[in-house]
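Mind docking chain C on chain F? Use the hints.
Number of protein chains: 2
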Amino acid sequence: MNQIPTIKAALLGAGTVGGGVYKLVQRQKDELPYKAGANVEISRILVRNTSKHREGIPDELLTDDWKSIVNDPEIKIVIELMGGIEPARTYLLEAMRAGKQVITANKDLLAEYGDELMEAVTENHCDMLYEASVGGGIPIIHPLKQCLEGNDLTEVMGIVNGTTNYILSKMTGEGMDYAEALAQATELGYAEADPTADVEGYDAGRKIAIMASIAFHTRVKFEDVYTEGITKITAADIRYASEFGYVIKLLGVAREQEDGVEVRVHPMLIPATHPLATVNDAFNAVFVHGDAVDDAMFMGRGAGEFPTASAVMGDLIDAVRNLIQGCSGRIGCSCYKKKHIKPMEQTSSRYFLRLQVEDRSGALAGIASVFGNNGVSIYQVVQKARHDGKAELVIITENVEERRIRDALTILQGMSMVREISGMIRVYG
Amino acid sequence: MNQIPTIKAALLGAGTVGGGVYKLVQRQKDELPYKAGANVEISRILVRNTSKHREGIPDELLTDDWKSIVNDPEIKIVIELMGGIEPARTYLLEAMRAGKQVITANKDLLAEYGDELMEAVTENHCDMLYEASVGGGIPIIHPLKQCLEGNDLTEVMGIVNGTTNYILSKMTGEGMDYAEALAQATELGYAEADPTADVEGYDAGRKIAIMASIAFHTRVKFEDVYTEGITKITAADIRYASEFGYVIKLLGVAREQEDGVEVRVHPMLIPATHPLATVNDAFNAVFVHGDAVDDAMFMGRGAGEFPTASAVMGDLIDAVRNLIQGCSGRIGCSCYKKKHIKPMEQTSSRYFLRLQVEDRSGALAGIASVFGNNGVSIYQVVQKARHDGKAELVIITENVEERRIRDALTILQGMSMVREISGMIRVYG
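Sequence lines, in order, name chains F and C. The opening position of the first sequence corresponds to residue 1 in UniProt numbering, with each subsequent residue numbered one higher. The opening position of the second sequence corresponds to residue 1 in UniProt numbering, with each subsequent residue numbered one higher.
Same shape as in the complex, but just chain F:
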């Protein structure tokens, strides 16, 4: 190969993923001319504190001066791995306006300002690649935008948060309760000191918003996503679910129906035989249904230094290939539709319910009539442990609109024979 060109890139951020990307580029140094058609050099790394040494990263690459990157005409690609909204948003916009290609792993930003960023992509006819924003190392964005693009996709459903999947796996496998499993996840570094974004489903909500936007060719923002976390899931829910043949997972669900699309994150009972049911611990998986491909699933490590760096490297090779071939901006914004996003009350599902009721004759009949009056049909009901004049009812309903189940539960809550509504979890299928 004669006269191999060299493409210079800058990293924004030198944390776990930034460090991983730098090391991986070094590791692949001799391969990149063959793989991408060019040498790739990380020539600048933007950090807040330039005096702090980072293991494996030469100090002389560090800078705290964004202008020295965005104004350097030799830097053709900017890789944003800082996270958060600002200054990441401004930097990405400025980089695109300066004629650079951009790569980002920033799900928060994409789920909130995806439309603004995509407008900049269209205006500047540049690449903005973001494979690492969903599912860590799992190839999913590119397969959705390319390999499966000949489909009408009607469902994208995924386990896209490793922290909650670890917690639920521990609760399921070892019978732990939520607090104990969370404590273990925190100790092992799987959960952050403030686990809110993970356990309340916000992180998964951003990822499903990104995937839904691609799958339905319709801009879906985080604010459009209904989110419900795992903090109310108990060991009893998991045990009863198992008796019915289900496991409980925190799922991001994007589904197209005749009257619009649904995009939501919540715990869900899925059949123990479903491919997603065996995806445990820190693994992520995304399940896709399309009119042509039927069912497909993608699984892998949802986070971590090198798995995430693997996704960024795939994007980097993609961007370099496009630069070499003169076709940057080859795949731009794909949101050419504006499908209606249904409010949660209008979605339909089956529901798993756990009620503590007075153990007296007529109780079941009274409860059943509330469901019946609200159009909720019961699919299965089991009466569990009776003691202290109290009985526990575990119910799985037929498919019904969410607002109807909410109405029924509101009425039940006001009835003297109902002591407590202990659980309400949606059921797949």
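Derived from the structure by calculation, the hints contain no laboratory data. Worth double-checking, as some hints may not be accurate.
Any copy will do: because identical chains look the same in the list, a pair fits if it lies in one copy or spans two.
What the hints assert, rightly or not - In the DSSO-like style, the derived pairs of lysine-lysine whose C-alpha atoms are separated by at most 30 Å in a straight line are:
#1 Lys337 x Lys23
#2 Lys232 x Lys390
#3 Lys337 x Lys29
#4 Lys339 x Lys145
#5 Lys337 x Lys221
#6 Lys337 x Lys8
Chain C alone, transformed into the frame defined by chain F:
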């Protein structure tokens, strides 16, 4: 969108997949300008018999004249779905020389003449896309060539033949023997009248050759692949494997080791907890290990009209995007290395063995000493059913070179106390 260009394409073959592709292009007619940047028109379909009507395909598109396609300057893309070596090979080469982009699902051709076809790709700087050649609708070729390209991939392992997976699933789930499961697969149309290519592992061998070529950047041909089918697998093998915590699958395995790469197809015991273990019936799955991504898995339907058409459509959109952006041939041949391909005798594995031996004192000691003398360590041994003066030994060995196990079995076969060697199946891990 003003002045949307129209790209014309020709189909070679109007069988199951060809028909599916034609229908899918029609179904996506209004979407393709947005998805691919152009209208796509199938303007000619090459068939052997033009007078036979095909449901859903206009008769006037049919032709038996290849020259009318290859000499038509308006046809920019040729989609080969005829299968077999000739005339597919000649047509693809002629199409590329005539300046056309090509798409093919032809695993036989790619696994045998991949080098010749890739030379034509390089010479003509054109696209040759073949996502549909492996794993039906599952995106795997593109993820390997693009998303995971920043990895050193060390293992690609897959269930890539639906017929044998169906047969083994039935044997496992319902205790059927091989002949019964094959008969059912034939009746349901999962197995062809002559099932040789499937049950002997040739079909899987072609697919693993294609994936290994990409993963290891080294041309691997079908003739380099060791193949062993499932015809000798018995219900007893499956039952005993299950007792040890394993299921039996026909796997294509490509693995890089320090002294070279191994590429092989054979039945294998995999732990029941491995993600591939739950891939049943007509589903396919490919498991990948890379230095950065760690483990990843891709699952979906391995065959069928629309799943395969989904993969072809992904390639078609890719080729159209490249034509519109002027970057055809963007990802060319990636075999820039020549890694040594190890002969099967030099590979290492653990082995599951089933021996019928004389039930007399000293038999086990005699057998154990043959293993010991040949450097084979026993990991587990169970003595099963004893009757008629005969005992059955089920053995799992430690990891050992294949030639050593073969030597040991040759010696055992000559010993009077060994009545029969009933099974020898490799064990994962």
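Hints, verified against the model:
1. Lys337 x Lys23: between (40 Å within a copy, 23 Å between copies)
2. Lys232 x Lys390: The answer is within: 21 Å in one copy meets 30 Å, while 59 Å across copies does not.
3. Lys337 x Lys29: Classified as between; 15 Å across copies, 41 Å inside a copy.
4. Lys339 x Lys145: Intra 18 Å, inter 33 Å, cutoff 30 Å: intra-copy only.
5. Lys337 x Lys221: within (14 Å within a copy, 45 Å between copies)
6. Lys337 x Lys8: So Lys337 and Lys8 pass the 30 Å test across copies only (26 Å; inside, 36 Å).
Of the numbered hints given earlier, the model fails none.
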